[in-house]
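Going down the list, the sequences are from chains A and B.
Residue numbering for the first sequence follows full-length UniProt numbering, starting at 1 and increasing by one per position.
Residue numbering for the second sequence follows full-length UniProt numbering, starting at 1 and increasing by one per position.
Hints may be right or wrong, so weigh each one.
Heads up, the list lumps identical chains together, so a pair's fine if it works in one copy or across two of them.
What the hints assert, rightly or not - Quick list of in silico lysine to any residue cross-link-like pairs, SDA-like style, CA-CA up to 25 Å:
no.: 1; residue 1: Lys68; residue 2: His192
no.: 2; residue 1: Lys95; residue 2: Asp49
no.: 3; residue 1: Lys58; residue 2: Asp167
no.: 4; residue 1: Lys58; residue 2: Arg149
no.: 5; residue 1: Lys81; residue 2: Arg159
no.: 6; residue 1: Lys95; residue 2: Arg28
no.: 7; residue 1: Lys68; residue 2: Ala209
no.: 8; residue 1: Lys68; residue 2: Glu195
no.: 9; residue 1: Lys81; residue 2: Phe211
no.: 10; residue 1: Lys35; residue 2: Arg69
no.: 11; residue 1: Lys95; residue 2: Glu134
no.: 12; residue 1: Lys58; residue 2: Ala168
no.: 13; residue 1: Lys68; residue 2: Asp48
no.: 14; residue 1: Lys95; residue 2: Leu23
no.: 15; residue 1: Lys81; residue 2: Gly99
no.: 16; residue 1: Lys81; residue 2: Ala191
no.: 17; residue 1: Lys35; residue 2: Glu166
no.: 18; residue 1: Lys95; residue 2: Asn132
no.: 19; residue 1: Lys95; residue 2: Ala44
no.: 20; residue 1: Lys68; residue 2: Arg171
no.: 21; residue 1: Lys58; residue 2: Ala198
Keep in mind that the hints were calculated from the coordinates and are not lab data.
Keep in mind the model is a prediction, meaning the values are calculated, not measured.
Protein chains: 2
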Amino acid sequence: MSNVPEGDTMPATSDARRTSRGLETRSRIVDSAAKLFYVRGVNATTLDDIRLASGTSKSQLYNHFEDKRALIHAVIDVQSKFVLAREEQRLRGVKTLTGLRRWRDALVQANALQDGSYGCALGAMSIELSDNDEQSRQALNASFDAWQRMLVETLTRLRVLGVLAEDADPRRLGTGLLAALQGGYVLAQNAHSSEPMAVALDMALDHIAFFARS
Amino acid sequence: MSNVPEGDTMPATSDARRTSRGLETRSRIVDSAAKLFYVRGVNATTLDDIRLASGTSKSQLYNHFEDKRALIHAVIDVQSKFVLAREEQRLRGVKTLTGLRRWRDALVQANALQDGSYGCALGAMSIELSDNDEQSRQALNASFDAWQRMLVETLTRLRVLGVLAEDADPRRLGTGLLAALQGGYVLAQNAHSSEPMAVALDMALDHIAFFARS
Chain A
1 MSNVPEGDTM PATSDARRTS RGLETRSRIV DSAAKLFYVR GVNATTLDDI
51 RLASGTSKSQ LYNHFEDKRA LIHAVIDVQS KFVLAREEQR LRGVKTLTGL
101 RRWRDALVQA NALQDGSYGC ALGAMSIELS DNDEQSRQAL NASFDAWQRM
151 LVETLTRLRV LGVLAEDADP RRLGTGLLAA LQGGYVLAQN AHSSEPMAVA
201 LDMALDHIAF FARS
Chain B
1 MSNVPEGDTM PATSDARRTS RGLETRSRIV DSAAKLFYVR GVNATTLDDI
51 RLASGTSKSQ LYNHFEDKRA LIHAVIDVQS KFVLAREEQR LRGVKTLTGL
101 RRWRDALVQA NALQDGSYGC ALGAMSIELS DNDEQSRQAL NASFDAWQRM
151 LVETLTRLRV LGVLAEDADP RRLGTGLLAA LQGGYVLAQN AHSSEPMAVA
201 LDMALDHIAF FARS
């Protein structure tokens with residue numbers, strides 16, 4: 001019997017949470033919830049929807065999550081880890097402006113594959129939750145901070161490498177770049193086309209390129 | 001007895017809709033719904049919440065709106081008119097980059113007054129509705145198009161006046177500016193601070209200023 005991993009915030013009050021089958025059920029519930037929250041929205045998704053999609057019973061669901069709020073926090077955790085791991089993987093090797101444009105291309109392509117739909121998993125949850133659940137807001141804020149930090153570190157690296165001039169301000173440019181991406185997601189979702197996201201990111205990258213050392 | 005105005009899309013099947021008291025009730029319902037949708041979100045708000053906030057009975061509500069969807073469409077209409085009238089009023093006289101910065105200041109100040117909360121009324125509704133109700137998406141898309149057009153017209157005016165150089169592309173810059181604003185709203189709502197919105201808009205405006213004719 002495997003133990004609940006250290007640092008897991010769920011109290012282990014039941015055996016189901018400790019067994020590997022229990023952990024598998026929990027992760028099936030979280031995955032189904034994450035998909036439904038992403039496609040339909042958090043508040044438009046009921047616990048019954050999640051039970052149906054994950055093929056779990058009411059008692060299984062409540063065995064793992066006290067209420068919908070607890071499940072929402074688990075989904076924020078999973079989606080944050082997913083987005084941040086993807087961004088870390090794409091950004092850590094960027095050493096040129098071309099590399100930064102490749103990061104942009106990957107985001108726009110993924111968005112184009114779903115015709116601009118659904119927006120950013122973190123941004124969309126933030127809009128629904130930030131003003132109504134302080135714990136969700138803080139968790140998402142930590143994720144956005146980490147995301148912005150990766151962009152700032154990337155731009156700082158470009159400055160250290162001499163790709164960008166000394167007067168480039170990585171913190172401001174990183175914030176502006178993340179905002180261009182988030183605004184791009186909003187406009188793309190509404191237009192059902194990734195084009196406005198492409199234009200928004202290009203404008204931000206063109207601005208950053210103004211600081212290129214010639 | 002006043003008639004339902006021409007161009008009103010509601011079928012007038014009941015006297016209540018025709019009387020001025022009926023119109024007053026309808027507008028009270030729409031105003032309450034608009035406020036609740038903005039502060040709590042569309043899907044987190046029930047028709048009962050709206051009845052309570054507007055002080056109307058179930059029969060009054062259903063007399064004016066067949067279902068929640070019909071009420072959502074009425075709110076989109078009212079919020080779109082509000083946002084577009086405000087933007088039109090602020091943008092039409094802009095003839096300098098300083099004027100454009102004043103437009104930015106007004107948006108950031110309004111956002112700061114509510115500590116970054118709630119986001120953009122249109123952007124937030126779009127994220128909840130675009131993938132789940134095509135009629136809402138199209139209505140919001142028309143509003144975003146009109147908003148973007150105002151920004152493009154403003155930037156075109158600045159180019160005609162010689163404030164911006166010939167190689168400034170008003171369409172691309174207008175899209176990027178609207179995305180910076182929308183992304184700024186998302187980050188501000190999550191941070192409960194208008195600062196990221198200010199930084200995002202400043203980066204977009206700095207980029208536009210690169211095209212200033214010296």
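### Query
Going back to the hint list, which numbers does this structure go against?
Hints 2, 3, 4, 5, 6, 7, 8, 9, 11, 12, 14, 17, 18, 19, 20 and 21 contradicted; others consistent.
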